[in-house]
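Chains as they are written, first to last, in the UniProt record's numbering: chain A, 1 to 182; chain B, 1 to 415.
Keep in mind that the hints are not guaranteed to be accurate.
[As the list claims (entries may be wrong)] 20 Å max Cα-Cα, derived SDA-like pairs, lysine to any residue:
| hint | chain 1 | residue 1 | chain 2 | residue 2 |
| --- | --- | --- | --- | --- |
| 1 | A | K54 | B | D240 |
| 2 | A | K35 | B | L161 |
| 3 | A | K115 | B | D240 |
| 4 | A | K9 | B | D79 |
| 5 | A | K11 | B | D366 |
| 6 | B | K283 | A | L7 |
| 7 | A | K54 | B | S5 |
| 8 | A | K9 | B | A220 |
| 9 | A | K11 | B | K367 |
The hints are simulated quantities; they were obtained by calculation from the structure and are not laboratory data.
Please read these numbers as outputs of a predicted model, since none were measured by experiment.
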Amino acid sequence: MGLLSILRKLKSAPDQEVRILLLGLDNAGKTTLLKQLASEDISHITPTQGFNIKSVQSQGFKLNVWDIGGQRKIRPYWRSYFENTDILIYVIDSADRKRFEETGQELTELLEEEKLSCVPVLVFANKQDLLTAAPAAEIAEGLNLHTIRDRVWQIQSCSALTGEGVQDGMNWVCKNVNAKKK
Amino acid sequence: MKLKSLLLRYYPPGIMLEYEKGGELKTKSIDLLELSPSTDVNTLVGEIQKVEPLITASRTKQVRLLVQRLQEKLRQHCDHNFYLFKVLRAHILPLTNVALNKAGSCFITGSYDRTCKVWDTASGEELHTLEGHRNVVYAIAFNNPYGDKIATGSFDKTCKLWSAETGKCYHTFRGHTAEIVCLSFNPQSTVVATGSMDTTAKLWDIQSGEEVVTLTGHLAEIISLSFDTSGDRIITGSFDHTVVVWDASTGRKVHTLIGHCAEISSALFSWDCSLILTGSMDKTCMLWDATSGKCVATLTGHDDEILDSCFDYTGKLIATASADGTARVYNATTRKCITKLEGHEGEISKISFNPQGNRLLTGSSDKTARIWDVQTGQCLQVLEGHTDEIFSCAFNYKGNIVITGSKDNSCRIWR
Numbered sequence: 001m002g003l004l005s006i007l008r009k010l011k012s013a014p015d016q017e018v019r020i021l022l023l024g025l026d027n028a029g030k031t032t033l034l035k036q037l038a039s040e041d042i043s044h045i046t047p048t049q050g051f052n053i054k055s056v057q058s059q060g061f062k063l064n065v066w067d068i069g070g071q072r073k074i075r076p077y078w079r080s081y082f083e084n085t086d087i088l089i090y091v092i093d094s095a096d097r098k099r100f101e102e103t104g105q106e107l108t109e110l111l112e113e114e115k116l117s118c119v120p121v122l123v124f125a126n127k128q129d130l131l132t133a134a135p136a137a138e139i140a141e142g143l144n145l146h147t148i149r150d151r152v153w154q155i156q157s158c159s160a161l162t163g164e165g166v167q168d169g170m171n172w173v174c175k176n177v178n179a180k181k182k
Numbered sequence: 001m002k003l004k005s006l007l008l009r010y011y012p013p014g015i016m017l018e019y020e021k022g023g024e025l026k027t028k029s030i031d032l033l034e035l036s037p038s039t040d041v042n043t044l045v046g047e048i049q050k051v052e053p054l055i056t057a058s059r060t061k062q063v064r065l066l067v068q069r070l071q072e073k074l075r076q077h078c079d080h081n082f083y084l085f086k087v088l089r090a091h092i093l094p095l096t097n098v099a100l101n102k103a104g105s106c107f108i109t110g111s112y113d114r115t116c117k118v119w120d121t122a123s124g125e126e127l128h129t130l131e132g133h134r135n136v137v138y139a140i141a142f143n144n145p146y147g148d149k150i151a152t153g154s155f156d157k158t159c160k161l162w163s164a165e166t167g168k169c170y171h172t173f174r175g176h177t178a179e180i181v182c183l184s185f186n187p188q189s190t191v192v193a194t195g196s197m198d199t200t201a202k203l204w205d206i207q208s209g210e211e212v213v214t215l216t217g218h219l220a221e222i223i224s225l226s227f228d229t230s231g232d233r234i235i236t237g238s239f240d241h242t243v244v245v246w247d248a249s250t251g252r253k254v255h256t257l258i259g260h261c262a263e264i265s266s267a268l269f270s271w272d273c274s275l276i277l278t279g280s281m282d283k284t285c286m287l288w289d290a291t292s293g294k295c296v297a298t299l300t301g302h303d304d305e306i307l308d309s310c311f312d313y314t315g316k317l318i319a320t321a322s323a324d325g326t327a328r329v330y331n332a333t334t335r336k337c338i339t340k341l342e343g344h345e346g347e348i349s350k351i352s353f354n355p356q357g358n359r360l361l362t363g364s365s366d367k368t369a370r371i372w373d374v375q376t377g378q379c380l381q382v383l384e385g386h387t388d389e390i391f392s393c394a395f396n397y398k399g400n401i402v403i404t405g406s407k408d409n410s411c412r413i414w415r
């Protein structure tokens, strides 16, 4: 990739290119989701100490997906990546009920960010392959998603591990690329 | 005019003259780019005296000694074998660029964690953390050869000037409206130039902290910028496929180099300022006559985008690094490809000569940096150990230390 290609992906993308920001707590499954999207091997994934960028072709769009590490110490740096974001994807570990409050807090703060204002948000209720996973509806309620008024949003249950639900979510992304209210 | 002293410059070979003119101390250089161990010293000194009135008969002996010292240096075969000296868990997010001061005594690293750190090369100890930027610190530089100041350019649209000794911030240069992605001090260290994604470059006065001039005219992001050896001209390379030569004092456009058919990745002058080398995503490098602005050669052969290119210190050789995973060496005079460097298992994003000009250093997405023999193209060493791709790498001025910076948040000292 190199620094130069990061600069190329940084510049305001032409119409058919979409900049997607993938955020969520550590261990939510962001990198697994990214690799699943790129049809790459997901058997050896370690905590992301920085970021990963992948470009995926989908329905005539080039989706440039930025996966940013979710550990607490690097969350303050998320804002470095907000510029020019077309879609925000927020990933939640549906089986980690102890951290629902924490993940809700982070999402609320993201939605208050000026640089992300009006950016459509897709919430992936990930890890649905686990028996202990909370259903998407329960998570939506817990996070008060229905109170979001300033943008389009969607919650999609999925398993980044098996790939189930991932494509449905990306279909929504492609439909709502241009829904960013100017 | 009165000559005060004579100094040696090893790379590229030359003699620096310190002289007094109208009560002011000035310096100029006699470049000896063609010097080789077999050059006849007496003939050369005679030629120098013909063109340089400051070198009077009484200085002949001294100049002869200096030339002999340079020849000795050229004779010393530089075949340093590098080993991993230290791994520095430098930052909590990926590194961007690394740079050494001329003495090689310290180096700096920029990072996505919004800081720039100053390190002691000998011990690997952190000397300062330069904090204050509000976004990624991307472009960094020492004001070499002095090395007492550091400039940092950030995605926060500002550039900051720091004391290398104390870590104190002297100035914050505000004015760009998008990320700053390249910067350079002029050789006199009176001005710092910044290039931005806002399509402009700006020159800033180091003393006053004021903007001197804005270079406007590019139609897309400026991603590369460099001064010529005198500091009179500056070139900018842009994603608009062109390179522009500017007069550094007036900010006027001197030439627009049109010919590449994709984004520019690098643009620089040769040491004697006669040539400009440009690398592009169109898989070629071009050589331009710096005076006329005309293209004199197109260097072809790579199968994918050129990500970096450079001259050696004398300007006789050119090296190119490509996304095709290979690098090439060209003769700047004949424009012929001399060797092809094969072995990397991913794209090569950085390439540089050692100051002696007999080794090349490459950094790649395959997580390794490699040392190559310039003439044979043989890979001499693979610097392995980083766990993610290498974003930047550099030799020190002596050519016996290498610093690598990686996406794995660490940097490594090899010596």
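Status of the hints after comparison with the structure:
1. A/K54 with B/D240: 24 Å, violated
2. A/K35 with B/L161: The given pair, whose Cα atoms are some 40 Å apart, is violated under the 20 Å limit.
3. A/K115 with B/D240: 27 Å, violated
4. A/K9 with B/D79: 39 Å, violated
5. A/K11 with B/D366: 25 Å, violated
6. B/K283 with A/L7: Holds, because 18 Å separates the two Cα atoms, which is no more than 20 Å.
7. A/K54 with B/S5: The given pair, whose Cα atoms are some 57 Å apart, is violated under the 20 Å limit.
8. A/K9 with B/A220: 14 Å, holds
9. A/K11 with B/K367: Answer violated: A/K11 to B/K367 is near 26 Å, above 20 Å.
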